[in-house]
Each structure stands twice: as structure tokens, then as C-alpha cells.
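**Q** Chain by chain, the residues:
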Amino acid sequence: MKVLYFAWVRERIGLPRETVETEATTVADLVEELRAREERYALAFSDLSALRVAVDQELCEFDAPLAGAHEVAFFPPMTGG
Amino acid sequence: MKVLYFAWVRERIGLPRETVETEATTVADLVEELRAREERYALAFSDLSALRVAVDQELCEFDAPLAGAHEVAFFPPMTGG
Amino acid sequence: MRISVQGASFDVGAETANFTAGHSDMGAIVTFTGVVRDNDAGTLDRMEIEHYPGMTEKALTEIAQEAQTRWSLGDVLVIHRHGTLKPGEMIMMVATASRHRKNAFEAAEYLMDYLKSRAPFWKKEFTKDGAEWVDAKDEDETALTRW
Amino acid sequence: MRISVQGASFDVGAETANFTAGHSDMGAIVTFTGVVRDNDAGTLDRMEIEHYPGMTEKALTEIAQEAQTRWSLGDVLVIHRHGTLKPGEMIMMVATASRHRKNAFEAAEYLMDYLKSRAPFWKKEFTKDGAEWVDAKDEDETALTRW
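Residue numbers (numbering that gives the first Met the number 0), protein chains in the order written: chain V, 0 to 80; chain Y, 0 to 80; chain H, 0 to 146; chain B, 0 to 146.
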């Protein structure tokens, strides 16, 4: 699974993207696995209400399934315009 | 008093502007005097709800006073933009 | 603030570029451009726009000043043509500059609503079958009630 | 419809002129241009805009298509930059073409509301004192509820 990080999530975790071996079936499960890895992940994912997630480039909720997904991205609320 | 006509009011009366000698104290009085002149004026002023009036280049009501006014203009509702 | 009532055509690109470049302290620029649209039958030959010289400039200035004050605009531009226009030609444009987008949008809509019904312009449409004055629309008068 | 996500600057005048000229069957053209505004202290050195290549184009296209359908637009343009921008530089623009002004305005406001909060861009402001990510505003999220 390709996992991408943007803005301060990228800065806290310290990298823009990585490939993750996971059996997680939902985004929330994947978050739990990442949190358990290292302090910088725990910090980045400490408050999910401050985060947004996209699966295969579509915004979704944290309980979204990961079946068949290729790419998951985590980032703060967007500030375009 | 300078009296101006625009759009179909101008076309019905047959001239864009004229100088009118009048003692009328309100726009409505002036309209009565003009109506009494000739058929084309009576026709142009037959339905005041279809007309708008400006005294000295400010939109006003038909009961507006004419004291001190230099210029009165009659025209249909505006269609700018 | 600039108000221009003119017979000549204008360059919407140059006007927009100038207006935008002049306001780097403003985050939001909105423009509206009105174009002569053909009628549904596709038979419009031309449109003639009559206006009331003197009152037109005065009315547009008052409308623009009101918008500038009410929405704290950094700047306002109003250009409106009169005379003969062909389908596809630009009739008018407004531009507003504000710190935030909500004010820039609202002020531009206010300008349009007011200049539709309160600036002394009258449109006449010419087709091969004759000429007709464009009627004011009830909805344009109604639009003013929201401000 | 044209969607462009680009690092390069764009010419708002030329874009507006092209967009307007292409739509003589549309009576109403609205543009919105966003400009990098200095902060209140006047200390903004630059802004860096990060985005999510691939998703950005996809999100903007979906937003523009929704606007086009919902307001029966003749055309839509969205340009959004990423990378480093200085105060006074243009970040983005949208343009809408419609038969009537109400639809052109509403669709442009819809585009702006959605691309503020639903297109994957993130702004970071740099001053001499350091750098800070721009927080999303509650009012931008609230703005979506009206559509």
C-alpha cells in the first residue's frame, strides 16, 4: 500500500510517501498500525479530528474500507483558493 | 424648465428634449400640463406606472416638488447591465 | 474607483489585468462582464443602448460609492457602453477588489443589480422584423430587495 | 472546461479575454482571482503552496463538472498555482460563463467555496520569524453548507 503525507503531517512524520505492508481492512486500522510504529507517527496521528484522509485520491472517512485500495493519503484540512 | 424624454417616451413624443414654460409645483402637475397639450403627450403619459421620472438627474416619485428644479426627465424602467 | 460611460469598445483582458495588478493588498478580485447575447431565434442584428448623459455617470458613481463603503472595497471599476452593439460584443463590466472573497462577490452582485435597474440605460433590439425596446424584468426589480 | 494546476504564473488579462471572447452565446461572465495578500504586520516574505498531484486535478475537475451541470454553464475555467508565491502574485482564478448573471455568480462562488476546502492544497506562510501552515477556517467549511 502506498501511503502519502502532506503539509504538517509530512513534516512530522519526516517523509512524503512510503510503501507500507499492511493487512489493515480500514483506514482506522491502518492509522493504528502506523501509530504503533514510532513516536513521530503517534504524534502525527494524535488528533484525527485535525486530519483528513483520501483513499485512491477520493476524500473519505476514517472508517472507510481499504479493500482494493492502492493509495492512502493523510493531510490536514485543505486551504486552497 | 428643461424636459427630457428617453427610449419609447422620446419616440412617442417625437423629440428628445424641450424647454417648457410651467408653473407646475410637482412632477404630477407637469405631467397633467403635458398630457393636455397633444395626443402624442397623452399617449406617452397614459400609464404612469410604466414610467420613471428624474428631477435634476435624481430618480424621484411623481409627487416630487419642482421648486428650484432645472431639469425633469421621463423614461421607461431602466434596462442597463 | 473608476467609472467610464463610453461608446467605444473596451479590452476586458487589459482592464482586468490593470485592475488586478493595482491591488496587491487585496486578496480577492471579482469581475463581471456582460455580453450582447443573440435572441433565442438567432435573429438579433444589433442592440442600441440609449442613456442619459450626466445622470448616467452620477448614478453609476453613487452606486459604486455605496458598494465601496458597504463592503470596504479596496477599489471598484464600472465600464458601461452606449450606442450600437453587435451580438458577442461586450456591453459592460464591473470589478471589485476586497480583502476577502465574500465581500468581493457580494459587492459585484450589488453593483450589477443596481446598475440593471437604477442606471439610466435603455436597450433596443433590432432584428430583420423590426425593433423593440427591451422590457425591464420584474426579477431585476425584485433583486434589489435583498440589499 | 479547462482545469490547470501549474507552478508558473498566469496572465489574468489574457485568460479573461480568451474566456470571454469564446462565449458570445453567453450573456454573463464572472471571474474570481485570488492574490497573495501580505499579512497584517506586513512581514510576509513568501507563501508556499503544496498540493497532491493527481488528486488535485481530479478534485478540481469534479468540482467544475458539478458547477457546470448545476448552473447550466456554457464554460468553466479553473487555474490554480502551487509552489512559491510572493505577496501580490496571483494564486488562482476561476471563470464562469452563463446566459444570465445569477447563475454565473452563484457558480463562481460555489467553485471558490469548494476549492477552498475540498481541493488538496495547503498553504505555508514564511516570515522572517519562521514558517507557519495556514489553518483552515471554520467559516470556509460552513460556507459549503449553503450549496
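If you're looking for bench data, these hints aren't it; they were derived computationally from the structure.
All values derive from a computational prediction rather than experimental measurement.
All C-beta atoms, glycine included, are put in the ideal place defined by N, C-alpha and C.
Hints are supplied without guarantee of correctness; some may be wrong.
If we take Cβ atoms under 8 Å as the criterion, some of the chain H residues that face chain B in the derived model are [said to hold, decoys possible]:
{"no.": "1", "residue": "Thr19"}
{"no.": "2", "residue": "Asp37"}
{"no.": "3", "residue": "Leu43"}
{"no.": "4", "residue": "Arg98"}
{"no.": "5", "residue": "Glu108"}
{"no.": "6", "residue": "Val133"}
{"no.": "7", "residue": "Asp134"}
**Q** Evaluate each hint against the coordinates.
**A** Verification of the supplied hints:
1. Thr19: Since the shortest Cβ distance to chain B is 5 Å, the answer is holds.
2. Asp37: Interface hint status for H/Asp37: holds (7 Å vs cutoff 8 Å).
3. Leu43: violated (11 Å)
4. Arg98: Since the shortest Cβ distance to chain B is 7 Å, the answer is holds.
5. Glu108: holds (5 Å)
6. Val133: violated (12 Å)
7. Asp134: violated (15 Å)
Comparing the model with each numbered hint stated earlier shows that hints 3, 6, 7 do not hold.
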